[in-house]
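Trainee: These are the residues of each chain, in order.
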Amino acid sequence: MKRLSIVLVLVACAAMAFATSTTEMTTRIGISKIVSHPALDAVQQGIIDELAELGYEGIDYDIQSAQGDVNAAASIAAKFRADRVDVAIGIATPTAQALVNAITDIPVVYTAVTDPVGAGIVPSLSGGGGNVTGYSDLTPVREQIELLAQFGAIRAVGHVYSSGEANAVVLAETAEQVCNELGIEFVAATVTNTSEVRAATQSIIDRVDVIYVSTDNTVVSALSSLTDVAMAAGVPVMSADPSSAETQDVIAAYGFDYYTMGLATGRLVAQILEGADPNTIGVQYLTDPNDLLLHINLDIADELGIDLPQSLIDEADVIIENGVIRQN
Amino acid sequence: MIEGIFVEGLIYGIMVLGVFITFRILDFPDLTVDGSFPLGAAVMAIMITNGHNLILAVVVAFAAGVAAGMVTATIHNKLRVPNLLAGILTMTMLWSINIRVLGNKPNLPLGRGVETILSVFTRWFDFVPREWSLLIFFFLLAMAIKVLLDLFFRTDLGLTLGAMGNNQQMVVTQGVNPETLKLIGVGLSNGLVAISGAFAAQYQGFADVNLGQGIIIAGLASVMIGEFILRSNRIGLLTLRAILGSIAFRGLMYLGRYYGYYINLTPNDLKLITGILIVISLVITQLRKQKRAQTELVSSAAATQGPSGSSGADTDAVNTRQPERGAPDQEDRP
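Chains as they are written, first to last, in my numbering: chain V, 1 to 328; chain E, 1001 to 1334.
Be aware that a few hints might be false.
Going by beta-carbon spacing under 10 Å, a handful of chain E positions derived as facing chain V [claimed, not checked]:
(1) M1001
(2) K1289
(3) A1293
Pairwise CB distance ranges, derived in the manner of DEER restraints [said to hold, decoys possible]:
(4) V:N193 / E:Q1290: 56 to 66 Å
(5) E:L1159 / V:N193: 25 to 35 Å
(6) E:H1052 / V:D277: 32 to 42 Å
(7) V:D60 / E:L1159: 52 to 62 Å
(8) E:L1282 / V:D288: 24 to 34 Å
(9) E:A1293 / V:L4: 15 to 25 Å
(10) V:Q310 / E:L1265: 32 to 42 Å
(11) E:V1147 / V:V9: 43 to 53 Å
(12) E:K1289 / V:D206: 57 to 67 Å
(13) E:S1096 / V:L54: 41 to 51 Å
In case anyone wonders, no lab produced these hints; they're calculated from the structure.
For clarity, every value in this text was computed on a predicted model and none was experimentally measured.
Idealized CB from N, CA, C, for every residue including glycine.
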């Protein structure tokens, strides 16, 4: 028994030592995400597809997920640093923060981070991040709230968000500000995890005319419980994440297509692999209106008895009618 | 990467010392640590951001952890709530408190320009690569805390804490109030966890209200692995194996992440691996205990037979019997 444990320990040490030795042949890219989630997975796929499209063959991807454990994000960052990857990509705020803190001499690209300056990832919007640059997914909150006004006379907007996600808190504050400017009442409910979403929605559903869902990982994960409550009360739900719109009962979704964000990030990574200096590249946004997708679900509109203006339907990129999804 | 495993192992090793105190010495399963770890991180981060003295910030983080532990102990003592539930109550309340401490935000970054204890230390030692100076710092810190704890557990108070964990009725008959002991013990444990959180925040570069998720499991797994590595009754080695267990646990997690895909394991399965590790350590510890009990039985049976083989000589039997008796064994409790 004792001999066996000594052998096991030696094998483990050898494994660890072997793990630290690297081969310099292929390009190694480390991708670190906070959790496996359709939007974040779409970003990852976009990056991989774009790099393949641009002609980079045989890249060795090390894809790590922290499974919602913020402490694991630091372990992953240390691993990428020890492995001397060529580029480290951080998808979402906590993993990006961990990478920036651990790695100072390898390019770090963040993506799907709502507020890079507020999260301490870069010092300013215009550059000077040292080895760090990337894409922000700050959604056009103002445009989204203004879209809500097209669903009829909106007196009060309900918003359920996670108090544990920095991006959600920032977006909620922005939404409240916009609502105040537009003279709409803002009714908020916070949750700490996915199981609280239903109760939080029920607590505000009677006081609101429409519900706004931001790019909040927790709430989007529990979107079906939110829409259940909303549909039963006859309240439309608008989401900022088009990736979930095709399978969820939301009347509209207006926001970034995360796969497109992944493609754009892939282009940025390619620039860096070619030798661009991250210090000179400021916070990137998807500003092309074509990168924003508008989903409209006419079936839900019918069920709720809401007449959407034809101009809105014409603007939509994707329309769901009679159970059929069609591109516009 | 080896130094990465060691640095993390030492940082979380301080937390494991805290978990070890409540879980093993006091026999008080304490879930407060899932809340006091981010509490320490939050206090440290907010004080650093507001420009306070760094040492003072660590002391305040420690005090905050002690307070959290004392709340748990008070709920358990005064309201007769089972220890597990008391810990969960405090942990739940601490979520809201942590967000308040962070300035009503769930996340507070300590960016590159911000002065932390680690940045000061690495500046002093800038002739050594940063990873190695961090390793030296955390080694010194963990050893200092370990030595202080060893000294504490040799004092009367420390010994009484251990005795209470072993047999609460015993200390009551000696005229000691176990409620006060639990207050001190759980408070001390959570104070250590808060210190660990404070340094984890500085190491990772941010304090987040979600930092505490999974801390108790990591702590328990580390304690179990430590018991598997080193068998002992002496306090010096008990605290050492808590730290070694922490380092081994981080190493195993790293191996799982690195080699996982060879056996079709994704990073998602790491939590399953953690649980399995705890179960394996428990099983092996149980087997060892059974084997030891069996050999004791065999040797004492052999001794009672005596060299003459006759059972009539009772006095002989009494004289030759030498039952193995050691100090109360910490490992006997599963």
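Trainee: Against this structure, judge whether each hint is valid.
Mentor: Structure-based check of all given hints:
{"no.": "1", "hint": "M1001", "verdict": "holds, 3 Å"}
{"no.": "2", "hint": "K1289", "verdict": "violated, 13 Å"}
{"no.": "3", "hint": "A1293", "verdict": "violated, 16 Å"}
{"no.": "4", "hint": "V:N193 / E:Q1290: 56 to 66 Å", "verdict": "violated, 41 Å"}
{"no.": "5", "hint": "E:L1159 / V:N193: 25 to 35 Å", "verdict": "violated, 42 Å"}
{"no.": "6", "hint": "E:H1052 / V:D277: 32 to 42 Å", "verdict": "holds, 36 Å"}
{"no.": "7", "hint": "V:D60 / E:L1159: 52 to 62 Å", "verdict": "holds, 56 Å"}
{"no.": "8", "hint": "E:L1282 / V:D288: 24 to 34 Å", "verdict": "violated, 57 Å"}
{"no.": "9", "hint": "E:A1293 / V:L4: 15 to 25 Å", "verdict": "holds, 21 Å"}
{"no.": "10", "hint": "V:Q310 / E:L1265: 32 to 42 Å", "verdict": "violated, 53 Å"}
{"no.": "11", "hint": "E:V1147 / V:V9: 43 to 53 Å", "verdict": "violated, 26 Å"}
{"no.": "12", "hint": "E:K1289 / V:D206: 57 to 67 Å", "verdict": "holds, 60 Å"}
{"no.": "13", "hint": "E:S1096 / V:L54: 41 to 51 Å", "verdict": "holds, 47 Å"}
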